[in-house]
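J.: In our numbering, the protein residues as written are 465 to 657.
No wet-lab data here; the hints were simulated from the structure. Computed from a predicted model, the values in this text were never measured in an experiment. Where a beta carbon is used, it is the ideal one built from N, C-alpha and C, also for glycine. Some hints here could point you the wrong way.
[Claimed, not checked] In the DMTMM-like style, the derived pairs of lysine to aspartate or glutamate whose C-alpha atoms are separated by at most 25 Å in a straight line are:
#, residue 1, residue 2
1, Lys519, Asp494
2, Lys519, Glu506
3, Lys519, Asp581
[What the hints assert, rightly or not] Quick list of the computed label-pair ranges, beta carbon to beta carbon:
#, residue 1, residue 2, range
4, Val614, Ser497, 44 to 52 Å
5, Thr518, His587, 18 to 26 Å
6, Tyr514, Ala648, 49 to 57 Å
7, Ser497, Thr647, 47 to 55 Å
8, Glu478, Val545, 37 to 45 Å
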Amino acid sequence: MSPSTDGEGTSARERILAAAETLFAERGFDRTSTSALAAAAEVPQGLIFYHFRTKEELLRSLVEERTAGELRDLLPDEPAVSLAAAVELAWTTVLREFGTPNPLQRIVLREMLSRPDMRRAAHAAQTAITEQTARYLTRSAGRSGETPPVFRTVARLLVVAASLCETTSDPPPPELEPGAVATALTRGLPEPD
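Whenever a hint applies, use it, and build me the whole structure from the sequences.
T.: Rendered as C-alpha cells:
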C-alpha cells in the first residue's frame, strides 16, 4: 500500500477533498482548521499543502472538481419523443442536481456571499447546465445547429427555479410537478420541424 492511499485504494488527495466537503459544509470554510481537515482525512497536516498550496486552493479544487463531475452528461444524447417529455426529463434532472440540498451546495451558497470565486463557480455551473439543457431541448425539437434563444430561456428558467427550490421549499410544491412544468413551458415553444 502506497503512503498516499488507504487500504481501499482511496488516494490521500481524495480523502482530503472528502473531508473538506464534509467539514466545510458543517462548519463553514473559515471555521474549519487544516488540523481538523487532516484528522478527518487521516493524513498528516503537511500532506494537505502538498496537494493544495493553500486552504483557498483546496476549496476551489473541491468545488470545481465536484461540480464538473456532477454536471457531466446529465441529459441523454438522444432526443426525447416530444418537447413535453424533454422538458419533464430536464426539469426532473436539474431539480435533482440543483434542487436537492447537498454538502457541496451548502458550501457554495455560504461561501459565494463573501468569495467572488465561489460566485463565479456557481455561475459557471448554472451556465453549463443551462447550455446542456438548451441543447437537449433543441435536439428534442428536431432541430440542429444553433440553439434558438427560446430554448435557452426555458433552460435558464428550469435551472434557476430548481436552484430556488433548494433554498425555499422541500419538497417542491405540486405546481412544480414535472408534467405541470412541461405543460406550462412547452406552450410557447416552437413545434418540432
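J.: Each of the hints needs a verdict: does it hold here or not?
T.: Structure-based check of each hint:
As the CA atoms of Lys519 and Asp494 are separated by approximately 10 Å, the hinted pair is consistent with the 25 Å bound. Distance restraint check for Lys519 and Glu506: the Cα-Cα separation of roughly 17 Å lies within the 25 Å cut-off, and the hinted pair is therefore satisfied. Distance check on the hinted pair: Lys519 and Asp581 sit about 14 Å apart at the alpha-carbon level, within 25 Å; holds. Separation of Val614 from Ser497 is about 49 Å and conforms to the stated range, judged on CB atoms against 44 to 52 Å.
A C-beta distance of roughly 22 Å is found between Thr518 and His587, which places it inside the suggested range of 18 to 26 Å. Our hint of 49 to 57 Å for Tyr514 and Ala648 holds, since their Cβ atoms are close to 52 Å apart. Between Ser497 and Thr647 the beta carbon distance is about 51 Å. The supplied range of 47 to 55 Å therefore holds. Between Glu478 and Val545 the C-beta distance comes to about 40 Å, which sits within the given range of 37 to 45 Å.
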